[in-house]
Amino acid sequence: MTQTHVTSRGEVSIRDLSKSFSLNGRALKVLRNIDLDVASGQCIAIVGASGSGKTTLLRILAGLEAADSGDVLIDGAPIHGVGAERAVIFQEPRLLPWLTVMENVVFPLEIRKIAGDDSIKCAHRYLRLVGLTDFADAYPAQLSGGMAQRVGIARALAVQPELLLLDEPLGALDAMTKMTMQEELARIWAEEHVTMVLVTHDLEEAIYLADKVVILPRQKGSAIRTVEVDLPRPRDRSNPGFVSLRQSLLAEFGLH
Amino acid sequence: MAIVQSEQRDAYRRVQYEPSVSAALAGKTVKSLTRFGSRYGVLIAFLILWQIASRLGWLSPAVFPPLDAILTALWNGLAGGGLLDDIAISLQRAGIAFSAAVLVGIPLGLFMGQVKAVERSLDPILQLFRQTSALALYPVFILLLGLGEASKVFVIFWATLFPTLLATIGGVKQADPKLIEMARVYGASRLSIFRRVVLPGAVPSIFVGLRLSATTALLLLIAAEMIGANSGVGFQVMNAQYNFQIPLMFAAILLLAILGLGANYMLERLQGRLCRWNQLNR
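Line by line, the protein sequences give chains A and B.
Using this note's numbering, read the first sequence as starting at 8 and increasing by one per residue.
Using this note's numbering, read the second sequence as starting at 5 and increasing by one per residue.
Same shape as in the complex, but just chain A (with noise of 0.2 Å):
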């Protein structure tokens, strides 16, 4: 523990932020004065109805959009934009039509400039780790929505980030494969020690993955609210405790 903290890798602040966009002329306020700590190498779960702007939230911490006020931290530091220590597994692959399975796990590693047979082994490495070793050749039109999935979660970790951000990653997947992804989101997080941000609307997949989980109000002005998950791992759907927080938390929402 005190260990984690020293190297405090991937730790994430945020402070006071606030962001609107222009809706018709009109100012609508999607997220107003966040505060909000992740630890080095935790997992952090964040839901909300639509338009409670976790997305947003997200891409303001992968540097694609800027705040309009507060601060946000990595590792002490202020981020502007994009940056290395950050990689951002989307909904959908969007993996590059044209390059094999390798060569878009490469992909990243070629435009940071990272030498090539480097960057060939730790692709290997990260593909073994999803699975799809026998599919390095092979065009993402070959692959199924789970697989190409895969790829791109691959691909996010073979730059190696403090921070991995993850937007409804399993949103566009069936419930089969969803469920399985989850577990090997859960081993690859526990494998590499990576600090989480994952936005989802799924409250089982939220209580399943993370140490805790946030959940934005659908009232602007009222707080955030954070509920630690206190489950051993891995997290077992069956559990007591898994299934009782699961209807606590649809009961946040008014659902039961």
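Because the hints were derived from the structure by calculation, they are not lab data.
There are no misleading hints in this set.
Computed list of lysine-lysine pairs in DSSO-like fashion (alpha-carbon distance at most 27 Å, straight line):
id, chain 1, residue 1, chain 2, residue 2
1, B, K177, B, K120
2, B, K182, A, K185
3, B, K182, B, K120
4, A, K36, B, K182
5, B, K182, A, K120
6, A, K185, A, K219
7, A, K219, A, K36
If you're wondering where the values come from, they're calculated on a predicted model, not measured in any experiment.
Let chain A serve as the given structure and place chain B on it in line with the hints.
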């Protein structure tokens, strides 16, 4: 009845799963013959019908000479070297014009597709030029460049430029913003986004333009050669008709068709090599 059917099905299955080598070979031959037939059957039937209709006098052989007469004329033209010279000069005209159109169209298209302001202000004049028939402008080009090679090459270039240019602009503009964003996340510069994301994505669209341009080049070649030339395959078509050498006329027409097919085939091969990934989606 049902039993017989299931018996037959099982027999079929047995054949399917335990084929003797010769049966497999025969099956394969039949299959490829069927494929060939369904692909080229109509074409072959058309050619046979032509031959018969002309030989038996259903069509006037003076207007539609039999195929063997056309092929003989073609062979004589090629062997005598007369048609070869025409092919050479025609290929030279179309080749120079097409190459120039590619060299201008692709870079200009890439630039215009990338820079919105340029595209916005150049688009109206491009649309005007494109909609003005190149042949209508041919007299203008003749006034400017004379009756020689320059005006012919330029009119072909003019018409050939637009398909490639517009397809390239389109290809660049339809680059997937989600892929661009992905590249941005990994720190790609504008140049590497262009080189690694936008350009490869535009290649299939550029090839559509190139193939259209090649067809246009041949079309304009023939028209330009018919209007103001004394050499070339297009001239030969016209000339043979004046001299009532109808088989030679058809031979020249056939030659033009072959040139068109050849150009398209080469571009298709190149496209297949450069965009293997794109064929997978179809």
